[in-house]
Amino acid sequence: MTEEDPISLGLDDTQQVRIDDTGTYPAFSAPVIDIEDVHKIYRTGSLEVAALRGVSLTIAAGEYVALMGPSGSGKSTLMHILGCLDVPTSGSYRLAGEDVSTMTEYELAEVRNRRIGFVFQQFNLLASLSAWRNVELPLVYAGVDRSTRKQRALAALDRVGMGDRVEHRPGELSGGQQQRVALARAVVSDPALILADEPTGNLDSVSAREVLDLLDELHHSGRTVVLITHDADVAETTSRTLRIWDGQILEPSSASATGGAA
Amino acid sequence: MNLIETFRTGLEAVVSHRLRSSLTVLGIMIGITAVILTVGLGEGAQQQVGSEISSLGANLLIVSPGSSTSSAGIRGGSGSASTLTVSNADALASKTVAPDIAGVAPVVSASELLTEGTTNWTTTLVGSNPSWLSVRGRTMAEGRFISGHDVQTHAAVVVLAPTTASELFGGRDSVGQTVDVAGSPMSVIGVLTAEGSSTTTNVDDQAIIPITTASTRIIGGTSRNNLSSIYIAASSSKTLSAAYQETDNTLLSLHGITTATSADFTITSQQSLLATATSVDKTLTVLLAGIAGISLLVGGIGVMNIMLVSVTERIREIGLRKALGATPRVIRRQFLVEASVLGLVGGMLGAILGVVVAIVLPHFISNPIAISGPAIAGSIAIAIAIGVAFGVYPASRAAQLHPIDALRGE
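In order, the protein sequence lines correspond to chains Z and P.
According to my numbering, the first sequence is numbered sequentially starting from 676.
According to my numbering, the second sequence is numbered sequentially starting from 917.
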């Protein structure tokens, strides 16, 4: 696709490398996600609720990990922190080697823009924009020029099987189709990490299967995928499952347990 | 994201949310139209009352010779002492001596016989200069008034008031004809517009000739430079007292009088009219300010509500855009563009509608509506300022939230 818009990923604290967009990633010496002793406390007036109580977690590049837990377990909170949508109360978070917890709002915006692709349970597409205009949004904020944006957005939609509905608005698409558009949006900027928060939660079983197949495909093309779910069947499709309970991870989260690409 | 992209995104948001955008524009438009019309109605009324009062002579000062304190010297020729001269009038006409005086008309007057063919008519003959017309607030029905050239050349010309003209000429055209004025033939150059009778003199029955012609051909002798009175128009009813002071001081010093009580002239003004004019003007100004303030407040709150609601219902959109990599600055700019475009379009449409209604409506109601530039500019500026403030501020706040809080729509 584009040579002028490289995705830069930090390999260590000081160095950044440019990698060409071949769809696969070299093995990183640093894990994509490395969080240590993360706490998240919500304060409502005098009431304090600890959503995360000392979570440590390492996810290597190319892994396909499911985060499983019942509602209220803190899995969504963890996912929001992993996606830099929220900040931890305490603890450190290194995303692809870079310390995210000390970043400014503007640096975080760039991290969200270039390193992370989100897939939400409610799709979160802008109703006023057509499918391809929704998909190009991350590229708009990345400063990619117009013709390249359209080209990449159409290619991403083609990859998720939505190539024939690029001009449709979200309201004219089924839930499964909307989620596929959202998937195209998540991958259009070639992020290192794809975070999917209950991506099948609002879908029928056929559409859910299609979305999971697409995630699987992304994983096979070398991307790191973290999937949040409360559904054990969904979790089974991943290469590693982490169980979260009451704000803590139940199983040891060593990245070496399953290694990189499955 | 560069400025052009930001601008495009903002414009697209305006266009794609047609209903919301048109409602916002409508709200701003109605607010501005209301401000323009209420202010215009108020100003129209103020101007109407002001012009009616000034047509009654509220700007007028009359200087008459003699120290009469009963101020009876309104009628020309009643002076008991001949103390006012043409040079006094010339001094008062100077802008440096009396800046608040708009016009000075020295007047000599006498009752004289006018003859046209076999018709005789005795009327008040007034000798004055070209300022007389504006100082007395008269207009020409036909022909022209006395010119400066007529005064210089002692021209034998006369301007007739309408009653005088019809008494002498019947229904015939009088301009261009010749009339015998106290034995001197003079050509009629114009006829005044009818004014209606005042209580003291019939202003529609008089003949006006150049003051120089009057002093050399009609009056003559030693009193030729003495004036019956000097009519002075202040530049407005507000400067009347300043004009009074300037007249008083100038004449006292010209006449070499040190104490005001021993003045050999009397200045009179229409004090009761002036008092009325002043109080009406004050009342209308307060009323107008109140109306404009309330309209702006109502319009402003309308704009504020629309912008607040519009932004609040889009907090999730802000959250999503942030999740996809928009910085707070980019979000702020997008909403700034949106609010400015809506404010500007609404403001312009409101101004156009307001002006059109202000032009059309007076044809159906009796009240005049003034088109006030400051009201138009002020209301547009305030609408845009309020629109931008209440469109950008909440958006800017939302842009500072963690994306997940905005996404939850808090």
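It should be emphasised that the hints constitute simulated quantities derived from the structure, not laboratory data.
Beta carbons: idealized from backbone N, C-alpha and C, even for Gly.
Check before you lean on any hint, since a few could be wrong.
[Unchecked claim] Which bits of chain P does chain Z cover? Going by a derived footprint, with three or more residues having C-beta under 8 Å, they are:
1. 1023–1033
2. 1237–1250
[Stated by the list, open to error] Counterexamples of contact, computed for chain P against chain Z with all Cβ distances above 12 Å:
3. Thr925
4. Pro1078
5. Thr1184
For Pro1078(P), is the shortest beta carbon distance to chain Z beyond 12 Å?
-> Nearest chain Z Cβ is 72 Å from Pro1078(P), so the label holds.
Nearest-CB test (12 Å) between chain Z and Thr1184(P) = At about 75 Å from chain Z, Thr1184(P) clears the 12 Å cut-off, so the statement holds.
Assertion that Thr925(P) lies farther than 12 Å from chain Z (Cβ) = Given that some Cβ of chain Z is not farther than 12 Å from that of Thr925(P), nearest at about 7 Å, it is violated.
With a cut-off of 8 Å between beta carbons, are at least three residues of the region 1237–1250 of chain P near chain Z?
-> Since 10 is at least three, the answer is holds.
How about the region 1023–1033 of chain P: do at least three of its residues have a C-beta closer than 8 Å to a C-beta of chain Z?
-> violated (count 0)
The structure fails hints 1, 3 (numbered hints given earlier, in ascending order).
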